Amino acid sequence: MDTSKPAIFVNGALLPMHVRKRVRTVIQVVGADRGAVVGKSPDDLQLVVKGSPPSAPLTNFVEVIGIADSEKSIQAEIWTNFGDAFDTYNYNQLCQLANGEYQHLFL
Amino acid sequence: MFSSSQFDATSAFSGGGFMPSQSTQLTDSTPSPAKSRNSLGVVPVTVKQISQASQSGDEKSSFVINGVDVTNVTVVGMVFNKAEKSTDVSFVIDDGTGRIGCRRWVTENFDKLEMEAVQDGMYVRVIGHLRVFQDVKQLVAFSVRPVTNFDEITFHFIDCIHSHLQNSKLQGGASTQLHMVESSMNTPVRNGQTFTSNLMSKQFDVDGLKDCDQLVLDRLQQSSSIGQEKGMHMDELCQQLKLPMEKIKESIRSLEDEGLIYSTIDEFHYKAT
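Chains as they are written, first to last, in UniProt numbering: chain L, 1 to 107; chain A, 1 to 273.
Be aware that one or more of the hints could be misleading.
To be verified - In silico DSSO-like cross-links for lysine-lysine, where the CA-CA straight-line distance does not exceed 30 angstroms: (1) A:LYS82 with L:LYS21; (2) A:LYS137 with L:LYS5; (3) A:LYS242 with A:LYS230; (4) A:LYS249 with A:LYS230; (5) L:LYS5 with A:LYS85; (6) L:LYS5 with A:LYS82; (7) A:LYS137 with A:LYS169; (8) A:LYS271 with A:LYS249; (9) L:LYS72 with L:LYS5; (10) A:LYS249 with L:LYS21; (11) L:LYS40 with L:LYS72; (12) A:LYS169 with A:LYS271; (13) L:LYS21 with L:LYS50; (14) A:LYS271 with A:LYS242; (15) A:LYS137 with A:LYS82; (16) A:LYS249 with L:LYS50; (17) L:LYS40 with L:LYS50; (18) A:LYS137 with A:LYS112.
Think of the hints as simulated: they come from the structure by calculation, not from any bench.
For clarity, every value in this text was computed on a predicted model and none was experimentally measured.
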């Protein structure tokens, strides 16, 4: 068992609190910009995801796990296609719960 | 569609010959106040919760999470380090809160087929039995299924929070009820008898009753146990519990529907079954 390297659930608003830590979020892909992927966070903020995306084409929604390298960007290690339909409202609520009252279940 | 109750824990037990401890575990459940029927269900948890779980008593296969005995859990996470051997497949699940080692015994073709579909980097839902092997907690998996709708991941973690709340509430609720019974124990009833402590265990018998229902039921059980043939009058209940008559009537109706109480000499007197 190892709980030393958690990936914290974040939305756009929570990301600045976790700079240089390992985070996870789901973005809705908007486009690409100089080798990075630009996406919309579950709470509708713009995020930049760096790193090398998988060879398979990205779907509309993509989960990224990696290090928050600034208040608006993530250096991704793991990319997972979440398909073309995903409930971002629920995910956003979960991000808030996982960083608030119920943080002890996650961190 | 993702409900963890879909998984029938008992049928999973009946199959595998690899886990002889489970059959005994099911039968020798000694009743203790801390145990709830949840101890036999599948509990959604995060790996972080498992890491903090303490082992309950001497039993190697029982853990306490949220103050409730837990043996079977479900986690949702990503598969890593999958290794196939002739008798089992081992892998690590990372759910973002931590990593835990899992093992799936491969006894039938079905197990083999299910595990062939599982690859490193894939999100899966694992249902398994929590145990300690060489001082390390691990999951002995009965079921490992790839996640196909990713809302299941969100659902799982919300389910963990929900289950955590439910179990902590269950304990909180039980303790407040205990207080109420204690305080009523100090008040001598008409014939001078005080209630005996064996009444305390009764309140754990009935889950899912509303607070008011529980109070009414407790009071009626107390009156039956001291041998009041005709039970109690609604007015008496109303007075003693200091609750509005409407609420008492409502509770009596639902308790009667549940078959937990019945009317005696007239429609105003009720007794616990």
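Hints and how they fare:
Restraint check: the Cα-Cα separation between LYS82 of chain A and LYS21 of chain L comes to about 27 angstroms, which is no more than 30 angstroms; the hinted pair holds. With a C-alpha separation of about 17 angstroms, the suggested pairing of LYS137 of chain A with LYS5 of chain L holds against the 30 angstroms cut-off. Between LYS242 of chain A and LYS230 of chain A the CA atoms are separated by roughly 21 angstroms; this keeps the pair inside 30 angstroms, and the hint holds. For a cut-off of 30 angstroms, the pair hint linking LYS249 of chain A to LYS230 of chain A stands: about 18 angstroms separates their Cα positions.
Between LYS5 of chain L and LYS85 of chain A the CA atoms are separated by roughly 28 angstroms; this keeps the pair inside 30 angstroms, and the hint holds. Distance hint between LYS5 of chain L and LYS82 of chain A is fulfilled; the C-alpha atoms sit about 19 angstroms from each other, no more than 30 angstroms. With a C-alpha separation of about 27 angstroms, the suggested pair LYS137 of chain A and LYS169 of chain A falls inside the 30 angstroms cut-off, and the hint holds. Restraint check for LYS271 of chain A and LYS249 of chain A: the C-alpha separation of about 14 angstroms stays at or below 30 angstroms, so the hint holds.
Using a Cα cut-off of 30 angstroms, the hinted pair LYS72 of chain L and LYS5 of chain L holds, with the two alpha carbons roughly 21 angstroms apart. A C-alpha spacing of about 57 angstroms is found between LYS249 of chain A and LYS21 of chain L, which places the hinted pair above 30 angstroms, so the restraint is violated. The hinted pair formed by LYS40 of chain L and LYS72 of chain L meets the criterion: a straight-line CA distance of about 11 angstroms does not exceed 30 angstroms. Between LYS169 of chain A and LYS271 of chain A the CA atoms are separated by roughly 29 angstroms; this keeps the pair inside 30 angstroms, and the hint holds.
With a C-alpha separation of about 15 angstroms, the suggested pairing of LYS21 of chain L with LYS50 of chain L holds against the 30 angstroms cut-off. For the hint linking LYS271 of chain A to LYS242 of chain A, the alpha-carbon distance of about 19 angstroms falls within 30 angstroms, and the restraint holds. Using a Cα cut-off of 30 angstroms, the hinted pair LYS137 of chain A and LYS82 of chain A holds, with the two alpha carbons roughly 18 angstroms apart. Restraint check for LYS249 of chain A and LYS50 of chain L: not satisfied, since their Cα atoms lie roughly 64 angstroms apart, outside the 30 angstroms limit.
Using a Cα cut-off of 30 angstroms, the hinted pair LYS40 of chain L and LYS50 of chain L holds, with the two alpha carbons roughly 14 angstroms apart. Proximity of LYS137 of chain A to LYS112 of chain A is assessed by CA-CA distance (about 24 angstroms); at most 30 angstroms being required, the pair is judged to hold.
Going through the hint list in order, the structure does not satisfy hints 10 and 16.
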